[in-house]
Amino acid sequence: MPASGRRPPWFLLVAASIGAIGVLLPLAYLVLRAFEADLQAVQALVFRQRNLRLLFNTLTLSFTVLVGTTLLAVPLAFITVRTDIRHKRLLTILATLPLAVPGYVMAYALISLGGNYGILARLTGLALPRMSGLSGAAAALTLYTYPYLFLNLRAALAGVDPSYEETARSLGYGRTEIFFKVTLPHLRPALLAGWLVIGLYVLGDFGAVALMRYEVFSYAIFTQYHGAFDRVYAAWLSLMLLAMTVGVVGLEWRLLGRTKLWRSGSGVGRKPAEVPLGRTRPFAKLFVWLVILAAVGLPVLILSYWLLLAPPDLRPAQVAASFAASAAASVPAAALAALLALPVAYTAARYPSVISRTLERAAYIGYAIPPLALALAMVFFALRSAPALYQTLPLLILAYALNFQALAIGPIRSAVLQASPRLEEAARSLGRNRVEAFVSTVLPLLRRGIVAGGVLVFVIAMKELPITFLLAPTGYRTLAMNVFSRTSEAMLAQAAPYAAAIVVFSGLFIGFLLKHEGSR
Amino acid sequence: MQVMKINELSKTYDEAHGPVVERVSFSVRPGEIFGLLGPSGCGKTTLLRVIAGFETPDSGDILLNGRSIGSIPAERREIGLVFQDYALFPHLSVADNIAFALRGVSKQEKRSRVAETLSLVGLGRFGERMPHELSGGQQQRVALGRAIAAGPKIILLDEPFSNLDASLRDATRSDVRDLLKKTGMSAILVTHDQEEALSISDRLAVMNEGRIEQIGTPETVYHRPRTPFVAQFLGRTNILQGTAGGREAETPLGRLPLDREAHGAVLLSLRPEHLELLREDNGNAPATVLVREFKGHDITYRVQLGGIEYLAHTEYYRSFHPGQGVRVVPRAPAVVLQHRTWCTTERETPEAVE
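Chain order of the listed sequences is A and B. The first sequence begins at 1 in the numbering used here and counts up by one. The second sequence begins at 1001 in the numbering used here and counts up by one.
Since the hints were made in silico from the structure, they are not lab data. Ideal Cβ positions, reconstructed from N, Cα and C, are used throughout, including at glycine. Please note that the accuracy of each hint is not assured.
[Unchecked claim] Label-pair restraints from in silico Cβ distances:
1) B:Phe1294 to A:Asp161: 38 to 46 Å
2) A:Leu277 to B:Pro1039: 55 to 63 Å
3) B:Ser1068 to A:Arg447: 38 to 46 Å
[Stated by the list, open to error] Reference excerpt, derived from the structure (chain A facing chain B, CB under 8 Å, subset only):
4) Ser420
5) Arg422
6) Leu423
7) Glu425
8) Ala426
9) Arg428
10) Ser429
11) Leu430
12) Gly431
13) Arg432
14) Asn433
15) Thr441
16) Pro444
17) Leu445
[What the hints assert, rightly or not] Every beta carbon over 12 Å from chain A, so not counted as near; a handful from chain B, in silico:
18) Arg1023
19) Leu1123
20) Gly1137
21) Arg1203
22) Glu1248
23) Thr1251
24) Arg1292
25) Arg1302
26) Gly1323
Assemble the whole structure, with the sequences as input and the hints as a guide.
Take a look at the structure:
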């Protein structure tokens, strides 16, 4: 009978709480640190004119990126799902690939395009101004993050019951009117979900804004911490950024709460009919290929240029060492994240209740909070309570795992849901206690889910920049750090092999994931 | 002598919805197959899970061989379980599934006992197969073999045949019955299928809304139902109101003999096969045929008499057509029903066959 009424055993609750406590505890240290200064100093810090500018810049950047990604993703999704354009599958994969090009690599590509020594100048003698500031940061982030919205919208568009649109047509509405009055409202939940992910990413991004030298909260936290060494101010900036994150999540919940999610009737829904492009076909094609060219072609071309035409002092051994350094933190972090996620996913699947939902949400806090704020919190935590951990690899691994544990919950939870609780009960009726029953019957069935969750964390952690920057042991340099530091010192050719390594590695995994999505 | 005794067991999930299992008592004798029959949602599966130890009862007691097991965790109760979906471990072979039941046994003995069990359930050649490579009926037998191999005191079966095709169900049912009888295993079998419960059980309890309404042999429960619910759940029946005086009662069908003594207003049950239809062509027939359902081996008629409808079975060669006038003649005494009776303390309907 239903398991919902039952409470999970205490040891499961304890295990499932570890990840949440791991995130919340360091945040407490952040607050502690922020209130270390006396009241007057705090007032001076909080009501500084500069904070207003940071707030304004952060909001401007977020808004610009949201508008930009929407303008790219909505037509892209509509064209690749609902029209009679050819090679839909190929176009979809190409349009998703920018996820393999992290924001700082995208910024690197855009930066190396302009300027007196930029690629355009070298190839054509035409020196465009180097991209920087708001436009540069917004362009880099838009091109990197629009696939999040694109994928959400695709799923939603494919799921819209065609009878709504057919009804509207029979009532005399034209295609454009139908799109805005019928289709678009159905996409609202997908838009909100995509905007949330992108909004959180922009708030937390550090690489692209730092390279483009655009002063937003996360960039200011970094310069305060690294350059000015004002840690109390850095703590306050982190808290302000956290407050913005909470605001964004809260806003999303409010908006989503008022959205009625439509459901088409039971049974397998019909596939919506394809809209013939007709005379607009060349424009649609041009648009799709322009986006793909800018988001995928540009970074690939630029990396190829630096790698081939202007071969830097290529030292594969160094790139390999740097790759190994990234993996040395990412692999254990992936394992730890999966370990933290396992009890959370199991509790959520087997004992759905307020408690289990709260624990799951708490794990997502780690993913939603800006990585710099989390990293700073970890620094304060280590300095105060575990000095031996400060600037060690274990602390970096722990921070990665806390940051990305939420990513591992989904795949593991689906695997738990597929394993019948009857299996554990059968094992118990054959003399195994709860733990033995789980280990001998369900755990073997979760292997794929655990591996999938772990791989996801591994791939994302390989590209991680802000946390690595604050927590890496001295002398420890990952791929991402090499790209960032060389680019910020204008050593663009030297950055290329590291950036290429990241793009190729992530690209392979995204191709792999998409292939699996498609075969399902 | 009893293997298991259930005493006044109650379980409530949600106060607002009332108890799911309410003061249930019954006992199982050694080697007996005890059926728990009831419509879905009547609490029988919850009852089974309470007995197995996966749910905690609010009150009441469970005795296994005279020892109270209410506070013993599921894994130490020595109660075998066969689930509706069999719950074979998908990552283990058939042989390993059965070996799973054998703990603390030497490798050699394990092998011989697995082989023994496989041949017992008639799957001697299937040890190396994976569960998904077996048919539903074979999976069912592996699940039963696995439960038996652990050497439990009693086996609980939850809707064991509901996942099988109708064509497989009859054969598997008699296989399972033979297997249980061969090993002398006591069993409780939960089902919502009255035909299944009647054919496989030695005795059965009929459950409704969390309570047991009647316990007895299949023949007793079918022929002498105690309540309107039991009478109707076990097959089609005619419920009549009457006024009793001793062993007879005045009813709309005339004066009827009763199965036991009763006085005053009574509720009576008469199965359709206990009503006979006779031709009455003289124009003043008391009853009229309304509907005829031909079912091959017999025919069911719906007839109207004095504004009330009755069901009657006749042999295949006695044919009436709708609109025809008939006389309705009872062929067996009517069964006296109680409005509501609960077996809160174990009380079995005596096996009185007249």
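Outcome of the hint check:
{"no.": "1", "hint": "B:Phe1294 to A:Asp161: 38 to 46 Å", "in the structure": "holds (45 Å)"}
{"no.": "2", "hint": "A:Leu277 to B:Pro1039: 55 to 63 Å", "in the structure": "holds (58 Å)"}
{"no.": "3", "hint": "B:Ser1068 to A:Arg447: 38 to 46 Å", "in the structure": "holds (41 Å)"}
{"no.": "4", "hint": "Ser420", "in the structure": "holds (6 Å)"}
{"no.": "5", "hint": "Arg422", "in the structure": "holds (4 Å)"}
{"no.": "6", "hint": "Leu423", "in the structure": "holds (5 Å)"}
{"no.": "7", "hint": "Glu425", "in the structure": "holds (6 Å)"}
{"no.": "8", "hint": "Ala426", "in the structure": "holds (4 Å)"}
{"no.": "9", "hint": "Arg428", "in the structure": "holds (4 Å)"}
{"no.": "10", "hint": "Ser429", "in the structure": "holds (4 Å)"}
{"no.": "11", "hint": "Leu430", "in the structure": "holds (5 Å)"}
{"no.": "12", "hint": "Gly431", "in the structure": "holds (5 Å)"}
{"no.": "13", "hint": "Arg432", "in the structure": "holds (6 Å)"}
{"no.": "14", "hint": "Asn433", "in the structure": "holds (5 Å)"}
{"no.": "15", "hint": "Thr441", "in the structure": "holds (5 Å)"}
{"no.": "16", "hint": "Pro444", "in the structure": "holds (4 Å)"}
{"no.": "17", "hint": "Leu445", "in the structure": "holds (6 Å)"}
{"no.": "18", "hint": "Arg1023", "in the structure": "holds (19 Å)"}
{"no.": "19", "hint": "Leu1123", "in the structure": "holds (18 Å)"}
{"no.": "20", "hint": "Gly1137", "in the structure": "holds (18 Å)"}
{"no.": "21", "hint": "Arg1203", "in the structure": "holds (23 Å)"}
{"no.": "22", "hint": "Glu1248", "in the structure": "holds (47 Å)"}
{"no.": "23", "hint": "Thr1251", "in the structure": "holds (42 Å)"}
{"no.": "24", "hint": "Arg1292", "in the structure": "holds (37 Å)"}
{"no.": "25", "hint": "Arg1302", "in the structure": "holds (35 Å)"}
{"no.": "26", "hint": "Gly1323", "in the structure": "holds (43 Å)"}
Consistency note: the structure conflicts with none of the earlier hints.
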